[in-house]
Amino acid sequence: MTGIDYSQKIPNNVDLAGDKRLQRALEAWQPNYLEWWAQMGPTDFNTKDIYLRTAINVGAEGWAHFGYVKMPDYRWGIFLAPQEEGRTVGFGDHFGQPAWQQVPGEYRNWLRRLIVTQADTEPASVEQQRLLGHTAPSLYDLRNLFQVNVEEGRHLWAMVYLLHTYFGKDGREEAEELLHRRSGNADHPRILGTFNEPCEDWLSFFCFTMFTDRDGKFQLLALAESGFDPLSRTCRFMLTEEAHHMFVGQTGVGRVIEKTLTLMKEHPERDVRDFGAIPIEIIQKYINFWASSSTDLYGAEISSNSANFFRSGLKGRAYEEKQADHLALDQAYAFENFVDGRISKEEVPLRNAMNEVLRDEYVRDNQKGIDYWNRIAERLNSPVRFTLPHRRFNRKIGCYSSGRFHPATGELLDESTWQAHVEQWLPTAKDKAYVKSLMKPVYEKGQYASWIAAPAKGIDDKGVDYEYVKLA
Amino acid sequence: MAATAHPSVPVVFQTHPNRYKHWKLSFDGDVATLVMNVNPGEGQREGYELKLNSYDIGVDVELADATQRIRFEHPEVRCVVVTGGLDRVFCAGANIVMLRTSTHGFKVNFCKYTNETRLYLEDASANSGVKFLAALNGTASGGGYELAIACDKILLADDRNSAVSYPEVPLLGVLPGTGGLTRITDKRKLRRDHCDAFSTVAEGIKGKRAVEWNLVDGIASLSKWNESVKEWARKLADSQPVRATKGVELDEIRCEANADARLYKYVALKFDRAQRCVELTITAPESGAKDAAEALAQGNAWWVLRAFRELDDALCHLRFNEPEITLLLVRAKGPAATWAKMDELVSGGGNWFTTETRHFVKRVLKRLDNTAKSLYAVCDESTTWVGTGLEIALACDRTYVLDDEERPVTFGVTPANKGLFPMANGISRLQTRFLGTPAKVDEVLASSGTFGASEANELGLATYSPDAIDWDDELRLAIEERTAFSPDAMTGMEANLRFAGPETMETKIFGRLSAWQNWIFQRPNAVGERGALTCYGTPNRPEFDVLRT
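Residue numbers (numbering that gives the first Met the number 0), protein chains in the order written: chain C, 0 to 471; chain W, 0 to 548.
Quick caveat, the hints were computed from the structure, so don't treat them as lab data. Heads up, some of the hints might be wrong.
[What the hints assert, rightly or not] When the alpha-carbon atoms are kept at most 20 Å apart in a straight line, the in silico SDA-like pairs for lysine to any residue are as follows:
| no. | chain 1 | residue 1 | chain 2 | residue 2 |
| --- | --- | --- | --- | --- |
| 1 | W | LYS264 | W | GLU251 |
| 2 | W | LYS152 | W | TRP212 |
| 3 | W | LYS223 | C | ASP186 |
| 4 | W | LYS223 | C | ARG181 |
| 5 | C | LYS168 | W | ASP195 |
| 6 | W | LYS207 | C | HIS179 |
| 7 | W | LYS417 | W | GLY347 |
| 8 | W | LYS50 | C | PRO348 |
| 9 | C | LYS444 | C | ASP460 |
| 10 | W | LYS223 | W | LYS234 |
| 11 | C | LYS395 | W | PRO39 |
| 12 | C | LYS344 | W | GLU45 |
[To be verified] Label-pair distances were calculated between CB atoms; the ranges are:
| no. | chain 1 | residue 1 | chain 2 | residue 2 | range |
| --- | --- | --- | --- | --- | --- |
| 13 | C | ARG107 | W | ALA273 | 56 to 64 Å |
| 14 | C | ASP329 | W | ALA488 | 39 to 47 Å |
| 15 | C | SER400 | W | GLY491 | 42 to 50 Å |
| 16 | W | LYS245 | C | GLY340 | 37 to 45 Å |
| 17 | C | GLU175 | W | GLY510 | 38 to 46 Å |
| 18 | W | ARG187 | C | ARG107 | 25 to 33 Å |
Glycine included, every Cβ here is placed at the ideal spot set by N, Cα and C.
My request is simple: use the sequences and hints to build the entire structure.
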């Protein structure tokens with residue numbers, strides 16, 4: 000024993016002080032985690048005071064406790080949503096049976112894989128974003144970035160808690176591996192493709208938190224339904240934090256749009272580049288890229304795994320309680336398959352289409368975000384409208400990955416048409432270079448970069464000119 | 000799940016690298032590379048998609064073809080790198096939907112053929128100085144890993160994700176069907192408890208542990224992947240002597256086929272569908288190449304290579320495309336001198352090409368041993384059972400020898416009968432036949448020149464030797480009796496009786512495939528309405544009959 004009082008260092012509601020096995024495991028893991036943070040986190044800001052929200056308990060007040068903290072001292076807590084008395088499995092073949100408090104042996108490997116895949120995305124995003132602090136458009140945004148980072152770190156803790164507590168030696172090894180894979184590393188990349196995409200500028204960061212973290216939201220919603228109660232409770236608590244990440248993305252892109260449209264209105268004859276803002280078409284291209292890349296994260300349309308996970312009660316549908324039939328056994332799912340160069344309507348057993356069911360919810364939710372941006376345009380009396388790319392567009396996974404599709408209509412395109420237009424649809428090297436050229440830090444209180452509007456209000460009722468990060 | 004969901008399509012065994020749909024074969028000096036890049040939409044029949052480099056018979060026919068061509072067309076090759084063309088996945092094994100929608104007979108033949116192909120890789124390594132490197136650039140599961148362990152060395156990508164695995168038991172309720180369980184114990188010699196653990200964890204084992212358990216020989220990071228593969232391939236190639244620089248091209252084996260016959264140049268199949276039997280005749284030409292140099296010059300036109308390629312094609316065709324045929328009436332014909340010359344040329348002292356041909360003839364004879372049809376050698380007028388021809392008779396379940404001086408039969412012993420073509424059990428067909436009376440082997444081998452029916456009978460080479468008066472009736476009765484038995488009982492009985500004597504990895508592979516896998520394939524726990532194989536990929540959860548047998 001190192002003598003560290005872990006219940007002090009690691010705020011928790013899982014009786015860490017009373018669980019010797021878990022203590023021992025986390026003692027071994029925690030130094031490695033801190034080392035990982037020191038290497039792969041936002042390293043250059045580790046000594047700065049940042050106005051962060053820390054979860055110290057799961058109560059209404061406790062999960063949003065604000066104050067200045069240095070990131071390495073952030074108290075990465077372990078919190079599960081409160082246990083519901085008599086909770087039962089809400090879907091699949093075990094529907095109605097008591098929820099599992101221990102891992103059922105039969106499903107041990109599947110569960111571990113689900114948890115590891117989810118867990119792997121958490122440190123990945125920290126790695127993807129680790130250098131953005133150097134080019135933050137304001138202290139407000141800098142603070143939001145770090146808030147997202149420490150919470151992704153906490154989500155990793157939450158998943159590692161499950162691995163350590165419920166999966167024995169294998170779980171500890173997998174927890175260790177989570178710290179060794181690296182986003183974008185040629186030798187040991189992160190598991191999912193999108194989490195290996197570089198996130199080198201703030202427009203990408205906002206798109207990432209808007210679209211990729213929204214995938215996280217739906218994955219967590221599906222896992223929150225799990226019949227394995229500790230996973231369900233963990234994910235339910237994580238969802239409270241995930242909401243903030245999407246807020247950062249949605250309002251972030253919104254503020255970029257607001258700035259550009261305002262400039263266009265004020266100087267209709269000028270190019271917004273003259274004022275150091277980002278043209279509308281580049282914003283749309285970034286939306287196209289990140290939305291399509293994140294749509295891939297749900298996997299193949301028809302999937303044996305998704306059927307297995309559903310039937311075994313491990314991963315449900317988002318908002319399962321709204322469904323009429325929780326067995327989903329005799330129902331079919333109709334979708335447009337793309338085989339041999341042709342789109343054809345197909346019906347498959349619903350359970351095998353659970354990836355697609357979750358993707359449907361995701362696409363609908365994305366559209367709401369687009370509508371929000373278009374309301375900004377309406378408010379500014381601008382005719383500009385943004386669109387969500389068609390779900391077939393630019394896919395790398397699933398049936399549509401073998402074809403080329405129009406971003407607006409989803410119609411099948413031949414290769415030459417695609418090549419002729421791809422520069423209008425996806426960010427070009429030139430677009431990226433331009434956006435990158437704008438990435439200069441703005442660290443003065445209350446100041447905002449040329450390409451982004453100030454937010455409507457600050458964090459925790461502080462003003463937009465509050466010193467969210469003390470850089471001095 | 001007895002019947003196919005889709006009409007079966009005849010399997011074709013002739014292909015060529017420029018027609019491959021699923022593999023890319025390339026050469027760089029003495030290293031060949033076989034890249035598996037299975038075309039999902041090009042299954043051998045309708046009804047399944049070959050996702051994630053999963054394979055069906057069409058994919059394996061190409062692999063067998065490539066292995067064969069490397070040996071004959073590219074004797075300069077000393078190492079073959081087998082790798083995958085997909086990202087993060089090497090090969091997902093045999094396609095599950097294909098298996099599920101296949102008849103039992105097709106499944107069994109598919110497994111048998113793929114097993115033979117894996118053994119061909121090992122045969123090339125043992126006898127042709129062609130070493131195989133499995134360069135697993137992603138996860139190798141099920142048959143994917145079984146392909147890898149048929150190679151000499153396995154290099155696995157170390158990306159903290161790629162694993163080798165046998166998901167058959169945990170996911171499908173069946174066994175790895177391509178020698179997988181035998182090779183981890185007997186070839187790679189893993190500890191038994193490690194084998195047990197490995198065979199029940201669907202996601203498999205990766206990285207350092209895979210090396211520690213000897214599931215793979217090494218791991219290499221992705222950034223150094225190409226370099227490492229090259230290095231390993233170089234080492235393997237350098238460990239082998241140079242065989243030759245110029246190969247012999249293999250053209251396509253063709254035949255004239257109609258409902259009643261399949262006629263090749265040296266081999267003929269004539270069907271008697273009412274009787275469910277086929278006459279299989281292999282005829283040596285009047286004369287062949289005089290020496291090894293002439294054989295090499297004739298190349299793929301040399302009658303030996305051609306005749307046995309035809310025989311191989313005929314056997315594969317019978318297995319897959321003629322499931323109702325139950326009995327083969329086998330005849331060897333042609334001048335005894337031609338057969339004897341052949342054996343002289345392939346039995347040693349020749350060149351790389353005659354040696355390669357010998358190993359090929361050995362493989363075809365093994366294919367005959369392993370064919371689940373009853374085999375009668377019909378030694379009647381003008382048949383010739385000399386040397387390799389005699390081996391064909393010895394491969395049969397019974398030998399009917401016509402004892403009629405006016406219609407002579409020719410027998411003869413050559414070096415070919417002295418273990419030139421060992422069976423799967425590692426010994427010769429004569430040794431296997433006379434397991435209890437080894438002196439009899441020497442007695443047969445001591446006979447010189449050609450001899451007729453009565454001597455053959457005395458030497459123990461005839462099962463029955465009816466005279467001219469009894470012959471027709473005896474043969475008719477033997478045929479009618481045989482075809483009336485349960486085909487399943489015949490398959491099982493013959494497989495039991497053909498491989499007397501020592502057990503080898505090869506006999507274990509086929510024996511266990513028949514005994515265990517094919518049993519499990521029939522059981523409700525696999526293929527019943529709620530069996531694991533039936534349920535896989537469907538919304539349903541398998542339900543097991545919990546009684547152990």
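Verification of the hints:
1. Our distance criterion of 20 Å between C-alpha atoms is met by LYS264 (chain W) and GLU251 (chain W), whose separation comes to about 12 Å.
2. A distance of roughly 14 Å separates the Cα atoms of LYS152 (chain W) and TRP212 (chain W); the hinted pair therefore holds under the 20 Å criterion.
3. In summary, the hint linking LYS223 (chain W) to ASP186 (chain C) is supported, as the alpha carbons are separated by about 8 Å, within the 20 Å threshold.
4. Distance check on the hinted pair: LYS223 (chain W) and ARG181 (chain C) sit about 17 Å apart at the alpha-carbon level, within 20 Å; holds.
5. Between LYS168 (chain C) and ASP195 (chain W), the direct Cα distance comes to roughly 18 Å. Compliance with the 20 Å bound is thereby established for this hinted pair.
6. For the proposed pair LYS207 (chain W) and HIS179 (chain C), the alpha carbon gap of about 14 Å is at most 20 Å, so the pair holds.
7. This hinted pair checks out: LYS417 (chain W) and GLY347 (chain W) have alpha carbons roughly 12 Å apart, not beyond 20 Å.
8. About 19 Å separates the Cα atoms of LYS50 (chain W) and PRO348 (chain C), which keeps this hinted pair within 20 Å; it holds.
9. Taking the CA atoms of LYS444 (chain C) and ASP460 (chain C), the gap is near 16 Å; set against the 20 Å cutoff, the hint holds.
10. For the proposed pair LYS223 (chain W) and LYS234 (chain W), the alpha carbon gap of about 16 Å is at most 20 Å, so the pair holds.
11. Using a Cα cut-off of 20 Å, the hinted pair LYS395 (chain C) and PRO39 (chain W) holds, with the two alpha carbons roughly 16 Å apart.
12. With a CA separation close to 18 Å, the supplied pair LYS344 (chain C) and GLU45 (chain W) stays within the 20 Å bound.
13. ARG107 (chain C) and ALA273 (chain W) have their C-beta atoms about 57 Å apart, which keeps the hinted 56 to 64 Å range intact.
14. The hinted window of 39 to 47 Å between ASP329 (chain C) and ALA488 (chain W) holds, with their beta carbons roughly 42 Å apart.
15. In this structure, SER400 (chain C) and GLY491 (chain W) meet the distance hint of 42 to 50 Å, their C-beta atoms being roughly 47 Å apart.
16. For the hinted restraint 37 to 45 Å between LYS245 (chain W) and GLY340 (chain C), the CB-CB distance of approximately 43 Å keeps it satisfied.
17. Range check, GLU175 (chain C) to GLY510 (chain W): about 43 Å between beta-carbon atoms, so the 38 to 46 Å window is met.
18. A hinted range of 25 to 33 Å for the beta carbons of ARG187 (chain W) and ARG107 (chain C) is consistent with their spacing of about 26 Å.
Of the numbered hints listed earlier, not one is contradicted by the structure.
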